[in-house]
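2 protein chains.
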Amino acid sequence: MTKQLKQSTNIGIVGLGLIGGSLGLELQSLGHEVRGLVHRHKTAERAKSRGLAQVISTDPQILSECDLVIIALPLESLLKPTAELISALPEAAVVTDVGSVKEPVLKVWQKLHPRFVASHPMAGTAESGVESGKIGLFRNRPWVVTPDITTDESALQLVHQLAITIGCKWVSTQAERHDQAVALISHLPVLISAALIKTLGDERDPNVRNLAIDLASSGFTDTTRVGGGNPQLGTSMAASNTSSVLKALTSYRWSLEKIEESIITGHWGKLETELERTQALRKSFFKKNTKN
Amino acid sequence: MTKQLKQSTNIGIVGLGLIGGSLGLELQSLGHEVRGLVHRHKTAERAKSRGLAQVISTDPQILSECDLVIIALPLESLLKPTAELISALPEAAVVTDVGSVKEPVLKVWQKLHPRFVASHPMAGTAESGVESGKIGLFRNRPWVVTPDITTDESALQLVHQLAITIGCKWVSTQAERHDQAVALISHLPVLISAALIKTLGDERDPNVRNLAIDLASSGFTDTTRVGGGNPQLGTSMAASNTSSVLKALTSYRWSLEKIEESIITGHWGKLETELERTQALRKSFFKKNTKN
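From first to last, the protein sequence lines are chains V and S. Under numbering that gives the first Met the number 0, residues 0 to 291 are what the first sequence spells out, in order. Under numbering that gives the first Met the number 0, residues 0 to 291 are what the second sequence spells out, in order.
Read the hints as simulated data drawn from the structure, not as lab findings. Hints are all accurate, no fakes.
Derived lysine-lysine pairs resembling BS3-like cross-links, with alpha carbons at most 30 Å apart:
1. V:K79 - S:K269
2. V:K282 - S:K41
3. V:K269 - S:K106
4. V:K269 - S:K246
5. V:K41 - S:K282
6. S:K79 - S:K41
7. V:K257 - V:K286
8. S:K286 - V:K133
Just so you know, these numbers come straight off a predicted model, no measurement behind them.
If we strip away everything but chain V, and leave its shape as in the complex, we get (with noise of 0.2 Å):
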């Protein structure tokens, strides 16, 4: 039986933009006390007419009695904290992250307090800011924690809890295999999908590009989602993760030429042969769940 989070445990979150917000509500919900740091006054406002935390202040001493601090700022926030933040943190209080990379994250938050989980919830990145917190976006979405030897297991375990209390599946692994696997299905789809945006974009026949807008459908709308989504955020991706994305987009590249390949030299059977591998290879990859 997995222990649900305590209703005593004090909670606090930095930054209520879709990933904070969204767990203020979903705690609150279940009957959880949070307080929410902001860095604006402005955002506080928005965030205490939104309900995100029962506290909500832009003052960092609001953390002082939590037992548990959520940081979920933006990745460039995350990896250079300020000096006001990190000595507003309970030494006894567990400190875990949001952040979509996980390798630079503990690198930094493993030397700037002694009991840091580092976690990558994986939901929705459509939306951001402190408008677009709700409630459910963390059910059944895999909450990715990346401890290392040097991880307080009794930390990880209060993590674990509140997993589980709201909802997610639990997913435990290495810094490096995260961000090599995120770089995979979630980084390069972004560069891929923006480059192809681009082509569209800089095709230098306007006859043919408002043609071709004309008649795009529902093949191009999906396979153009991802790339064109949040700027900041992408950018700061690949930044991040640089190594993983760049191994990723060396390889894409070889993937993408073995198939133009066949294109220059019309072996079409080849070609189809490929098709008929990626067909069956997407399907394998979605049979567990019923993603597609």
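Here the structure of chain V is known, so what remains is to put chain S in place on it, guided by the hints.
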């Protein structure tokens, strides 16, 4: 006022797969008489039990009384029609096709029939075969025609009536321009999406590959959808639209390399500007309609 197809028009459909079968069902539902020609006896039986046409046969002679013949064969068969089919087409009938590439089709068919009109009704591609035809497939979808100076004006008008009758949007353009546009929005997405599937399938570290598959969510699902589609269709598109597809691939590789360059050189501001541009471009592509 746009004229609908006369009820007295005697319509023949060659091939009763997704497009041919759907046309048969749609036209019958609008009160038209439809004759369907198929290749195999087994297919004829299935087509009859599904009611895809009033008269269904494997004998090309059923086309002898037709005023309008729609050739809804796969691209390869369309480009290499049998002598039996050609001789069964009444000289006075209007003949059109549904092929997804237009220059090669026009080249072959212009010589074969004096009243040929090159068409591409752009509707669903995920399913195929005699079981896949359905009502409503063409509603608000583009019916593209690519007439040239040799095209019979009255034949073009009859195809226009057909397109309007089944609820399509009429788009008239040049064959070359059509082929370049569909290379960008349909054929290129299939190839770049297939290459993404291949990249994950070829990942050599099984721990990374399996974790990636476990963590894959909607972004990966969307971006890989068309690359996991019908292998025969993808191959025939590349084989019959080779020069436009290779041109699109060259332009695409350049676009991706510009993005990769920003990452290799760490020009994060440049990458963010590029992703802001693709975000804005995608919005502009889909401004006119609601398909995003």
